[in-house]
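Build the full structure now, drawing on both the sequences and the hints.
Residue numbers (numbering that gives the first Met the number 0): 0 to 287.
Because the hints were derived from the structure by calculation, they are not lab data.
Some clues are possibly wrong.
Claimed, not checked - Taking lysine-lysine pairs in the DSS-like style, the calculated list, with each CA pair at most 27 Å apart, reads:
1. 61 x 87
2. 61 x 239
3. 277 x 260
4. 239 x 259
5. 277 x 108
6. 260 x 239
7. 259 x 277
What the hints assert, rightly or not - Computed beta-carbon distance windows for the label pairs:
8. 249 x 225: 28 to 36 Å
9. 249 x 58: 19 to 27 Å
10. 107 x 233: 27 to 35 Å
11. 242 x 58: 17 to 25 Å
12. 57 x 252: 23 to 31 Å
13. 62 x 222: 42 to 50 Å
14. 280 x 62: 48 to 56 Å
15. 215 x 181: 48 to 56 Å
Glycine included, every Cβ here is placed at the ideal spot set by N, Cα and C.
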Amino acid sequence: MSNSWEQHRVLIAGGTHGFGLVLAKILSRSGASVMVLGRSAEGVREALVQCEAEAHAAGYSKNQVQGITADLSHAGEGNRAVAQCLEKLGGCDSFFFCVGQSSRSVILKLAPHEIRSSLDANLMTAVEITQAVADSVCRAHGHLVFIGSLAGKFVTPAMGNYAIGKSALASFVEAVRLETEPRGGHVLLVSPGPIQRNPVHEEMLPSIHRYDDQVARHDLPDSVGQPGGGASVRLLDAEKLAHEVLFSCQQHHQELVRPKKAMLLAGLIEWFPSWGRKILNRYTSQKG
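As structure tokens, this is what we get:
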């Protein structure tokens, strides 16, 4: 990757774990000034240690990496996080939103408050912080990047509640695009399938069983608890996906869908709904 991110000031919401941390580490070793945002102070400290090591190994100052603890589900936290980013980094050139929460359920038996919870976790956490950071990013002609999901494109068995949240995020991103791109900002929506986790740093074993209670409560097949709801898809390499995201920023792409075949399938469903959904069902059929 080129050094176009050197001295670029970046705020990463959800940058203390998972894919957000992978992005933070790559940007740190690319010379960017990075602020990672996470909900727990311990998570922020651990992320800073990893990002500082990446920056130092690449010959950059560890001081270019900073962190902030904030819970974006609480009113005022998005504004506070952006204000602190602008103060500590002197501005914000690009913003990465890597926050979300998946779930497993039967939509017709789901309590309304659980649907609101999905909207809160996957959409509302993005609203205030995006509104707060947009002016700075537009002035810098930078990037507003949102990590969505294939669930924002496809509604598959037991994943309906998650799809509601992620499709709402996709609509929000499109509305943001309409208002920011005329002002110089670039907006990218990333719609990936399930991403491979690092078993050492991402506490793999607990994550494997995180849906067990939901699967049991809704009497769903055990396969639904697997990544992607048990769909027949290969887990994405996080490092490779992160490089593709940053390349898409440089090319000013509007959307990145991975795996590529999912993009073709989305087009089929748009143009040939019945045919496209038959193909989708082959990949998402549940097994007990």
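Original post:
Can you name, in rising order, the numbers of the hints this structure does not satisfy?
Top reply: Of the numbered hints given earlier, the structure breaks none, since each of them holds.
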